[in-house]
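Asker: Each chain, written out:
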Amino acid sequence: MPVISYIDAVTTAIREEMERDSRVFVLGEDVGKKGGVFKATNGLYDQFGEERVIDTPLAESAIAGVGIGAAMYGMRPIAEMQFADFILPAVNQIISEAAKIRYRSNNDWDCPIVIRAPYGGGVHGALYHSQSVEAIFANQPGLKIVMPSTPYDVKGLLKAAIRDNDPVLFFEHKRAYRLIKGEVPDDDYVLPIGKADVKRQGEDITVITYGLCVHFALQAAEKLASDGISVHVLDLRTVYPLDKEAIIEAAAKTGKVLLITEDTKEGSIISEVSAIIAENCLFDLDAPIMRLAGPDTPAMPYAPTMEKYFMVNPDKVEKAMRELAEY
Amino acid sequence: MIENRHKELGLSDEKVLEMYKVMLLSRRIDERMWLLNRSGKIPFVVSCQGQEAAQVGAAFALDRENDYILPYYRDVGVVLTFGMTAKDLMLSAFAKAEDPNSAGRQMPGHFGQKKNRIVTGSSPVTTQVPHAVGIALAGKMEGKDFVTFTTFGEGSSNQGDFHEGANFAGVHKLPVIFMCENNKYAISVPIEKQLACENVSDRAIGYGMPGVTVDGNDPLAVYRVVKEAADRCHRGEGPTLVEAVSYRLTPHSSDDDDSSYRTSDEVAQAKTKDAIITFGAYLKEIGLLNDELEKQMNDDIMKTINEATDYAEHAPYAKAESTLDYVYEK
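Each protein sequence line maps, in turn, to chains A and B.
Residues in the first sequence are numbered from 1 upward in steps of one, following full-length UniProt numbering.
Residues in the second sequence are numbered from 1 upward in steps of one, following full-length UniProt numbering.
In case anyone wonders, no lab produced these hints; they're calculated from the structure.
A virtual CB, placed ideally from N, CA and C, is assigned to each residue, including glycine.
There's no promise every hint is true.
[What the hints assert, rightly or not] Quick list of simulated restraints, FRET-style, between CB atoms:
#1 B/Ser123 to A/Lys308: 37 to 47 Å
#2 B/Glu18 to A/Glu245: 55 to 65 Å
#3 A/Lys244 to B/Ile187: 41 to 51 Å
#4 A/Tyr309 to B/Ser123: 38 to 48 Å
#5 A/Asp30 to B/Ser123: 28 to 38 Å
#6 A/Tyr302 to B/Ser123: 33 to 43 Å
[As the list claims (entries may be wrong)] Mimicking EDC-like on lysine to aspartate or glutamate, the simulated pairs with C-alpha atoms at most 16 Å apart in a straight line are:
#7 B/Lys227 to B/Asp215
#8 B/Lys140 to A/Glu50
#9 B/Lys115 to A/Asp110
#10 B/Lys114 to A/Asp108
#11 B/Lys114 to B/Asp67
#12 B/Lys87 to B/Asp300
#13 B/Lys144 to B/Glu237
#14 B/Lys284 to B/Glu294
#15 A/Lys195 to A/Glu249
#16 A/Lys253 to A/Asp286
#17 B/Lys144 to A/Glu51
#18 A/Lys199 to A/Glu222
#19 A/Lys265 to A/Asp296
#20 B/Lys115 to A/Asp108
#21 B/Lys87 to B/Glu307
#22 B/Lys114 to B/Glu65
#23 B/Lys330 to A/Asp108
#24 B/Lys173 to A/Asp55
#25 B/Lys114 to B/Glu98
#26 B/Lys114 to A/Asp110
#27 B/Lys140 to A/Glu51
#28 B/Lys173 to A/Glu50
#29 B/Lys41 to B/Asp310
#30 B/Lys96 to B/Glu321
#31 B/Lys173 to A/Glu51
#32 A/Lys33 to A/Asp55
#33 B/Lys184 to B/Glu198
#34 B/Lys21 to B/Asp274
#35 B/Lys330 to A/Asp110
#36 A/Lys223 to A/Asp315
#37 B/Lys227 to B/Asp63
#38 B/Lys184 to B/Glu266
Turn these sequences into a full structure, and let the hints steer you where they fit.
Answerer: Right, here's the structure in full:
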């Protein structure tokens, strides 16, 4: 099976879907001739032409809004926000429009759009090129938010997102783009949106996380294994709506739960995961729910000292895991 | 006898009478909704009064079988022209399950009906402008030859979505007609506090498209301008910004008291230019309408509205549990 990078999985998924369905097209800043600032749409302009790989004016609300209009007509737009940090001008279009179109029209209209955006830190991106924005959208019924961790999941979930008849926000960790490589089959496959995935079976403690932190957890789990501590790792993959069943099952399995996000802590995705566990697993728990997250500062600073302080990393994860295991 | 102004526009006598009838129907539906609101039967109304000529004049210039419309909340005249009925609007006013716009989920004035290509809208203003551009883009990609028409108020022409959408359409030369219904007020704030330029249409130059200001009280003038804009679209010449200037004859909505920010003299002055009167007078002067026909028309309309009101008032609400339906595809 070919081994490809996380970002190549993005490009492959888009290319295959554009080949399969003429209604699929890409729009965003620099996505055409340049192939995207991260090269996520590399080669698509040459293959499909400027009509289907559209370099838009620098205006995020129009990128989302024009995509939404095309989706309502029956196309399958993939809109790219150059950085998740810059999605904010499009929030009105995403929350007031995309999320509510099916509901407000009593199922008369729908909005099958995918909005992709690179998120996450650890790339010297400072406040406005590092943020995690999922929590902003994660109490908006009508939206789905997918945040894959591996190239295999990227391809299968992005294809599923493109074929989905509802709006999907697809957040890609920008540090994972070239750091994370993995086996990805050449064939056409989709993975279910809304389903978490067990990335490692374990018996002693459970880690529930998503995105790049999945890899931190797996690395730390490997270290703990040599000390006889067995770690169960659940990758949420879809952070909204959450796979409650999988969360409850994973928490109940070991009774000791560590939740990890790179986002700031209060009001984050793992806050909701924590609430689900608290509601459903009281008698299964052997320790208080533990959370590891970024500090509650507006965003992550530029200087390496402060960036490192902010970011979750394998060492911080390992330390938290050991603490929980010893509880 | 005065000069026949509609023949040169290619409008038959029947067509202009039909235009007048839709204008009148819009006005009478609106008036009925105010009565229903003031008698406590419906919670809310937001009016088309004073803008029917612009709405109907524009909508008649479009292809009602193929074009897409993205109306804003006052566009009773536009949606009636595109196939929505008095009954549909009353069902919406009463928030009943059969309301085709939203099954009672949205306030009145939030239009949407896929079968007539009336695209669902929301309350945040001007979000529909980029949607119109996206629909036009999709049509172009699919090789279709339809026009996308969207409307908004002059206050809304300050929103980023207007500028972002207009610019996108200009860059890609998309077949969109942007029509600003300038009724001089954004709730209480008058036009001089909304715009630094003289006309909304002045904004078109920034987006590489023609901008035309037209008398919104003259349905034939609006028809001509929108028809020309549609022709430009079909010729592949791109979008047009039309500004139809009229006046809002009612308060902003049933929850507004306009006496706190404008004088009754000003409103009375505007009413002398009310297109229901002036267009009716034109049709009479040209010999197409007389008192008898007008009465007949009014009687027909009132019968339609009475039946629609009755039906909607007695129609069932959506089941409470249907609150949970259609968050996602089932």
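Asker: Hint by hint, note whether the structure agrees.
Answerer: Consistency of the hints with the structure:
Between B/Ser123 and A/Lys308 the Cβ separation comes to about 45 Å, which falls inside the hinted range of 37 to 47 Å. For the pair B/Glu18 and A/Glu245, the beta carbons lie near 58 Å from each other, so the given range of 55 to 65 Å is met. The given range of 41 to 51 Å is respected by A/Lys244 and B/Ile187, whose C-beta atoms sit roughly 44 Å from each other. Taking the beta carbon of each, A/Tyr309 and B/Ser123 are about 43 Å apart, inside 38 to 48 Å as hinted.
At roughly 33 Å, the beta-carbon separation of A/Asp30 and B/Ser123 lies within the given 28 to 38 Å, and the hint holds. Range check, A/Tyr302 to B/Ser123: Cβ separation about 39 Å, and the 33 to 43 Å hint holds. Pair hint B/Lys227 plus B/Asp215 holds up; C-alpha atoms about 15 Å apart against a cutoff of 16 Å. Between B/Lys140 and A/Glu50 the alpha-carbon distance is near 13 Å, which keeps this suggested pair within the 16 Å criterion.
As the CA atoms of B/Lys115 and A/Asp110 are separated by approximately 13 Å, the hinted pair is consistent with the 16 Å bound. Under the criterion of a C-alpha separation no larger than 16 Å, the hint pairing B/Lys114 with A/Asp108 is consistent with the structure, at around 6 Å. Note on B/Lys114 and B/Asp67: the hinted pairing holds, with a Cα-Cα distance of about 12 Å set against a maximum of 16 Å. A distance of roughly 14 Å separates the Cα atoms of B/Lys87 and B/Asp300; the hinted pair therefore holds under the 16 Å criterion.
Taking the CA atoms of B/Lys144 and B/Glu237, the gap is about 15 Å. The hint holds against a cut of 16 Å. A C-alpha spacing of about 9 Å is found between B/Lys284 and B/Glu294, which places the hinted pair at or below 16 Å, so the restraint holds. About 13 Å separates the Cα atoms of A/Lys195 and A/Glu249, which keeps this hinted pair within 16 Å; it holds. Only pairs whose Cα atoms come within 16 Å are accepted, and A/Lys253 paired with A/Asp286 is accepted, the gap being roughly 11 Å.
At most 16 Å may separate the alpha-carbon atoms for a hinted pair to count; B/Lys144 and A/Glu51 meet this at roughly 14 Å. Distance check on the hinted pair: A/Lys199 and A/Glu222 sit about 12 Å apart at the alpha-carbon level, within 16 Å; holds. Under the criterion of a C-alpha separation no larger than 16 Å, the hint pairing A/Lys265 with A/Asp296 is consistent with the structure, at around 6 Å. Distance restraint check for B/Lys115 and A/Asp108: the Cα-Cα separation of roughly 9 Å lies within the 16 Å cut-off, and the hinted pair is therefore satisfied.
Our distance criterion of 16 Å between C-alpha atoms is met by B/Lys87 and B/Glu307, whose separation comes to about 8 Å. Restraint check for B/Lys114 and B/Glu65: satisfied, since their Cα atoms lie roughly 12 Å apart, inside the 16 Å limit. Proposed proximity of B/Lys330 and A/Asp108 is supported: the alpha carbons are some 13 Å apart, at most 16 Å. The straight-line distance between the Cα atoms of B/Lys173 and A/Asp55 is roughly 14 Å, inside the 16 Å bound, and the hint therefore holds.
Using a Cα cut-off of 16 Å, the hinted pair B/Lys114 and B/Glu98 holds, with the two alpha carbons roughly 15 Å apart. Restraint check: the Cα-Cα separation between B/Lys114 and A/Asp110 comes to about 10 Å, which is no more than 16 Å; the hinted pair holds. A C-alpha spacing of about 9 Å is found between B/Lys140 and A/Glu51, which places the hinted pair at or below 16 Å, so the restraint holds. Between B/Lys173 and A/Glu50 the alpha-carbon distance is near 14 Å, which keeps this suggested pair within the 16 Å criterion.
For the hint linking B/Lys41 to B/Asp310, the alpha-carbon distance of about 12 Å falls within 16 Å, and the restraint holds. Proximity of B/Lys96 to B/Glu321 is assessed by CA-CA distance (about 14 Å); at most 16 Å being required, the pair is judged to hold. With a C-alpha separation of about 13 Å, the suggested pairing of B/Lys173 with A/Glu51 holds against the 16 Å cut-off. With a C-alpha separation of about 8 Å, the suggested pairing of A/Lys33 with A/Asp55 holds against the 16 Å cut-off.
Only pairs whose Cα atoms come within 16 Å are accepted, and B/Lys184 paired with B/Glu198 is accepted, the gap being roughly 12 Å. A C-alpha spacing of about 15 Å is found between B/Lys21 and B/Asp274, which places the hinted pair at or below 16 Å, so the restraint holds. Distance check on the hinted pair: B/Lys330 and A/Asp110 sit about 12 Å apart at the alpha-carbon level, within 16 Å; holds. Among the hinted pairs, A/Lys223 with A/Asp315 is consistent with the structure: their alpha-carbon atoms are about 10 Å apart, no more than 16 Å.
With a C-alpha separation of about 10 Å, the suggested pairing of B/Lys227 with B/Asp63 holds against the 16 Å cut-off. Only pairs whose Cα atoms come within 16 Å are accepted, and B/Lys184 paired with B/Glu266 is accepted, the gap being roughly 12 Å.
Every hint from the earlier list agrees with this structure, and none is contradicted.
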